[in-house]
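Novice: Chain by chain, the residues:
There are 2 protein chains.
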Amino acid sequence: MKSTLECIPCLIRQSLEATSCSFKDEALRENAVRKVTRLIADIDFRSTPPEMARDIHRLLRAESGVADPYRQIKDRFNALALKLIPRFRAVIRESADPLLDAVRLAIAGNVIDSGAKTSLSEDEVETAMDRAFETELHGDFDSFRAKVLNADSILYLTDNAGEIVFDGPLIELLPGNVTVAVRGFPVINDATIEDALTAGIDSAADIISNGSDAPGTILADCSEEFISLFQSADLVIAKGQGNYETLSDCGRPVSFLFKVKCPVIADHTGLKPGTHALLSDN
Amino acid sequence: MKSTLECIPCLIRQSLEATSCSFKDEALRENAVRKVTRLIADIDFRSTPPEMARDIHRLLRAESGVADPYRQIKDRFNALALKLIPRFRAVIRESADPLLDAVRLAIAGNVIDSGAKTSLSEDEVETAMDRAFETELHGDFDSFRAKVLNADSILYLTDNAGEIVFDGPLIELLPGNVTVAVRGFPVINDATIEDALTAGIDSAADIISNGSDAPGTILADCSEEFISLFQSADLVIAKGQGNYETLSDCGRPVSFLFKVKCPVIADHTGLKPGTHALLSDN
Numbered sequence: 108m109k110s111t112l113e114c115i116p117c118l119i120r121q122s123l124e125a126t127s128c129s130f131k132d133e134a135l136r137e138n139a140v141r142k143v144t145r146l147i148a149d150i151d152f153r154s155t156p157p158e159m160a161r162d163i164h165r166l167l168r169a170e171s172g173v174a175d176p177y178r179q180i181k182d183r184f185n186a187l188a189l190k191l192i193p194r195f196r197a198v199i200r201e202s203a204d205p206l207l208d209a210v211r212l213a214i215a216g217n218v219i220d221s222g223a224k225t226s227l228s229e230d231e232v233e234t235a236m237d238r239a240f241e242t243e244l245h246g247d248f249d250s251f252r253a254k255v256l257n258a259d260s261i262l263y264l265t266d267n268a269g270e271i272v273f274d275g276p277l278i279e280l281l282p283g284n285v286t287v288a289v290r291g292f293p294v295i296n297d298a299t300i301e302d303a304l305t306a307g308i309d310s311a312a313d314i315i316s317n318g319s320d321a322p323g324t325i326l327a328d329c330s331e332e333f334i335s336l337f338q339s340a341d342l343v344i345a346k347g348q349g350n351y352e353t354l355s356d357c358g359r360p361v362s363f364l365f366k367v368k369c370p371v372i373a374d375h376t377g378l379k380p381g382t383h384a385l386l387s388d389n
Numbered sequence: 108m109k110s111t112l113e114c115i116p117c118l119i120r121q122s123l124e125a126t127s128c129s130f131k132d133e134a135l136r137e138n139a140v141r142k143v144t145r146l147i148a149d150i151d152f153r154s155t156p157p158e159m160a161r162d163i164h165r166l167l168r169a170e171s172g173v174a175d176p177y178r179q180i181k182d183r184f185n186a187l188a189l190k191l192i193p194r195f196r197a198v199i200r201e202s203a204d205p206l207l208d209a210v211r212l213a214i215a216g217n218v219i220d221s222g223a224k225t226s227l228s229e230d231e232v233e234t235a236m237d238r239a240f241e242t243e244l245h246g247d248f249d250s251f252r253a254k255v256l257n258a259d260s261i262l263y264l265t266d267n268a269g270e271i272v273f274d275g276p277l278i279e280l281l282p283g284n285v286t287v288a289v290r291g292f293p294v295i296n297d298a299t300i301e302d303a304l305t306a307g308i309d310s311a312a313d314i315i316s317n318g319s320d321a322p323g324t325i326l327a328d329c330s331e332e333f334i335s336l337f338q339s340a341d342l343v344i345a346k347g348q349g350n351y352e353t354l355s356d357c358g359r360p361v362s363f364l365f366k367v368k369c370p371v372i373a374d375h376t377g378l379k380p381g382t383h384a385l386l387s388d389n
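These protein sequences, in sequence, are chains P and H. Okay, so the first sequence: first residue is 108 according to this note's numbering, each after it adds one. Okay, so the second sequence: first residue is 108 according to this note's numbering, each after it adds one.
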């Protein structure tokens with residue numbers, strides 16, 4: 108999907124958070140923010156939001172020399188998720204429909220998104236997660252279940268650190284050959300290999316990097332290995348708004364699991380902000 | 108007070124709302140937003156937020172040719188406030204401390220601020236106003252009461268359309284010579300003479316324009332008549348964040364009545380967002 112002018116405040120907000128993590132000197136930070144603002148003034152709004160964010164965060168990394176400004180934030184939310192997950196695993200273990208409840212948990216975990224909200228607190232995450240199994244799920248779960256059960260190979264595209272811990276129970280329930288893909292390089296709080304290992308995903312699936320530094324899945328940026336898996340998998344499951352924004356027009360069926368977090372996505376999907384969505388584009 | 112980098116997303120958000128009101132052609136709107144974004148990239152952050160907003164809205168008016176993009180929004184909130192005010196007047200009439208309750212009402216009315224929030228709904232305003240008399244008032248009301256009772260001349264600086272209706276009961280209770288000042292020209296949803304007349308303020312006080320097109324009180328921009336009153340009044344009461352941002356360092360005592368609505372003001376005042384504040388800078 109294309110970006111809109113309404114994406115600008117959010118992109119600048121992201122830049123302010125990223126620079127507050129990566130610059131100690133306020134004058135250097137101001138200089139970097141001015142450069143980002145100039146970049147946005149001339150940006151191509153026909154590109155997707157994650158393409159714009161990719162270019163912005165490349166510029167910010169070049170200005171600051173800090174490769175991974177969100178490392179501390181990612182560690183904090185991984186730790187929080189690992190602290191919270193046992194109680195959710197217990198619910199899924201006792202559930203009459205573990206796959207459904209694991210999907211609910213994975214979507215609820217998508218609340219941990221520094222791209223959509225600055226200064227997300229641990230209390231906010233805990234409150235949102237406590238409603239994981241009560242929040243209405245928008246989408247055709249029965250059709251999703253049938254796809255899962257019929258798939259011999261599944262590619263699961265993760266979104267953010269912390270969130271990836273809550274993907275664990277769902278990934279463990281998927282049948283056949285399951286590969287979990289993470290971003291190739293740090294960008295915002297998106298999960299990389301390090302986070303997948305922290306979340307223990309390697310005990311349930313193969314993990315690969317997508318080879319890209321975008322907060323979404325821009326196929327033109329991804330590695331050949333990733334693209335080959337993406338094209339050949341029986342089912343692709345993609346978490347989060349960034350993957351939806353970059354893959355909703357990609358031509359092959361993808362099942363998207365995400366929480367609607369911004370007015371632009373709400374407008375595009377016709378779903379209210381806050382909706383827990385399971386969308387399939389076929 | 109000076110601006111901060113954190114003001115940028117808010118200034119762009121304001122521009123998006125203003126241009127959605129003033130441009131029918133999306134390409135022309137995009138061009139105007141790109142120009143604003145470039146202006147912000149080079150702006151002087153030592154200026155106050157209303158100085159930056161003044162320059163941005165001047166540029167937007169020049170681009171669109173629309174002098175008053177918020178006219179419909181202002182009319183809508185004036186009408187809502189006029190519909191709601193009888194029940195609040197009844198409370199103040201029966202109150203054991205009418206001045207205190209009129210101050211509470213005036214501060215609660217400061218929720219009607221298109222500068223601080225895009226797409227403010229009538230429901231949000233009504234919900235906020237219903238809590239007008241319950242919300243804790245931060246500040247030294249007894250000292251404010253003494254200043255009011257000792258003043259022979261009071262200058263009351265209004266903030267927004269709609270809100271100005273809720274200033275009415277307080278203005279009516281002020282003793283001595285009371286002059287109410289509004290913005291000289293339309294900017295965002297700030298009240299001008301037209302709104303003061305719609306609110307019926309002319310039955311209780313003299314009304315003057317401050318001569319400026321800024322969403323605050325930039326003395327260097329104001330008319331001689333206004334500056335003379337500002338310097339000579341026994342008491343100046345100023346509504347809203349914009350007046351606080353421009354007058355908190357002005358050198359003469361001012362009593363500020365406003366609702367804390369953004370993290371920058373929260374940081375500057377040490378008060379949480381949502382606080383109903385009565386601050387005196389002497």
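Just so you know, these hints were derived from the structure itself, not from any lab. Be aware that a few hints might be false.
With a straight-line cut-off of 30 Å between C-alpha atoms, the simulated DSS-like cross-links for lysine-lysine are [said to hold, decoys possible]:
#1 H/Lys131 <-> P/Lys131
#2 H/Lys254 <-> P/Lys379
#3 P/Lys224 <-> H/Lys368
#4 P/Lys379 <-> H/Lys368
#5 H/Lys131 <-> P/Lys368
#6 H/Lys379 <-> P/Lys131
#7 H/Lys379 <-> P/Lys109
#8 P/Lys142 <-> H/Lys254
#9 H/Lys368 <-> P/Lys142
#10 P/Lys368 <-> H/Lys224
#11 P/Lys254 <-> H/Lys131
#12 P/Lys224 <-> H/Lys190
#13 H/Lys254 <-> P/Lys368
#14 P/Lys109 <-> H/Lys109
#15 P/Lys109 <-> H/Lys254
#16 H/Lys379 <-> P/Lys368
#17 H/Lys224 <-> P/Lys142
#18 P/Lys224 <-> H/Lys254
#19 H/Lys254 <-> H/Lys109
#20 H/Lys142 <-> H/Lys379
#21 H/Lys254 <-> P/Lys131
#22 P/Lys379 <-> H/Lys131
#23 H/Lys142 <-> P/Lys109
Now the stretches of chain H that chain P is said to cover, found in silico as 3 or more residues with beta-carbon under 8 Å [what the hints assert, rightly or not]:
#24 146-153
#25 240-254
#26 289-300
Calculated from the model, a selection of chain P residues having no Cβ within reach of chain H, i.e. all distances over 10 Å [stated by the list, open to error]:
#27 Leu112
#28 Glu113
#29 Pro116
#30 Ile119
#31 Leu123
#32 Thr126
#33 Val140
#34 Ala148
#35 Glu201
#36 Glu241
#37 Ala258
#38 Gly318
#39 Cys369
Computed from a predicted structure; not experimentally measured. Where a beta carbon is used, it is the ideal one built from N, C-alpha and C, also for glycine.
Novice: Now look at each hint and say whether the structure bears it out.
Specialist: Verification of the hints:
no.: 1; hint: H/Lys131 <-> P/Lys131; verdict: violated (43 Å)
no.: 2; hint: H/Lys254 <-> P/Lys379; verdict: violated (49 Å)
no.: 3; hint: P/Lys224 <-> H/Lys368; verdict: holds (17 Å)
no.: 4; hint: P/Lys379 <-> H/Lys368; verdict: holds (24 Å)
no.: 5; hint: H/Lys131 <-> P/Lys368; verdict: holds (27 Å)
no.: 6; hint: H/Lys379 <-> P/Lys131; verdict: holds (25 Å)
no.: 7; hint: H/Lys379 <-> P/Lys109; verdict: violated (37 Å)
no.: 8; hint: P/Lys142 <-> H/Lys254; verdict: violated (48 Å)
no.: 9; hint: H/Lys368 <-> P/Lys142; verdict: holds (28 Å)
no.: 10; hint: P/Lys368 <-> H/Lys224; verdict: holds (17 Å)
no.: 11; hint: P/Lys254 <-> H/Lys131; verdict: violated (45 Å)
no.: 12; hint: P/Lys224 <-> H/Lys190; verdict: violated (36 Å)
no.: 13; hint: H/Lys254 <-> P/Lys368; verdict: violated (47 Å)
no.: 14; hint: P/Lys109 <-> H/Lys109; verdict: violated (36 Å)
no.: 15; hint: P/Lys109 <-> H/Lys254; verdict: violated (57 Å)
no.: 16; hint: H/Lys379 <-> P/Lys368; verdict: holds (24 Å)
no.: 17; hint: H/Lys224 <-> P/Lys142; verdict: holds (26 Å)
no.: 18; hint: P/Lys224 <-> H/Lys254; verdict: violated (43 Å)
no.: 19; hint: H/Lys254 <-> H/Lys109; verdict: holds (28 Å)
no.: 20; hint: H/Lys142 <-> H/Lys379; verdict: violated (34 Å)
no.: 21; hint: H/Lys254 <-> P/Lys131; verdict: violated (45 Å)
no.: 22; hint: P/Lys379 <-> H/Lys131; verdict: holds (25 Å)
no.: 23; hint: H/Lys142 <-> P/Lys109; verdict: holds (21 Å)
no.: 24; hint: 146-153; verdict: holds (count 4)
no.: 25; hint: 240-254; verdict: violated (count 0)
no.: 26; hint: 289-300; verdict: violated (count 0)
no.: 27; hint: Leu112; verdict: violated (5 Å)
no.: 28; hint: Glu113; verdict: violated (6 Å)
no.: 29; hint: Pro116; verdict: violated (4 Å)
no.: 30; hint: Ile119; verdict: violated (5 Å)
no.: 31; hint: Leu123; verdict: violated (6 Å)
no.: 32; hint: Thr126; verdict: violated (8 Å)
no.: 33; hint: Val140; verdict: violated (5 Å)
no.: 34; hint: Ala148; verdict: violated (4 Å)
no.: 35; hint: Glu201; verdict: holds (39 Å)
no.: 36; hint: Glu241; verdict: holds (24 Å)
no.: 37; hint: Ala258; verdict: holds (41 Å)
no.: 38; hint: Gly318; verdict: holds (31 Å)
no.: 39; hint: Cys369; verdict: holds (13 Å)
Hint check: violations occur at hints 1, 2, 7, 8, 11, 12, 13, 14, 15, 18, 20, 21, 25, 26, 27, 28, 29, 30, 31, 32, 33, 34; the rest are consistent with the structure.
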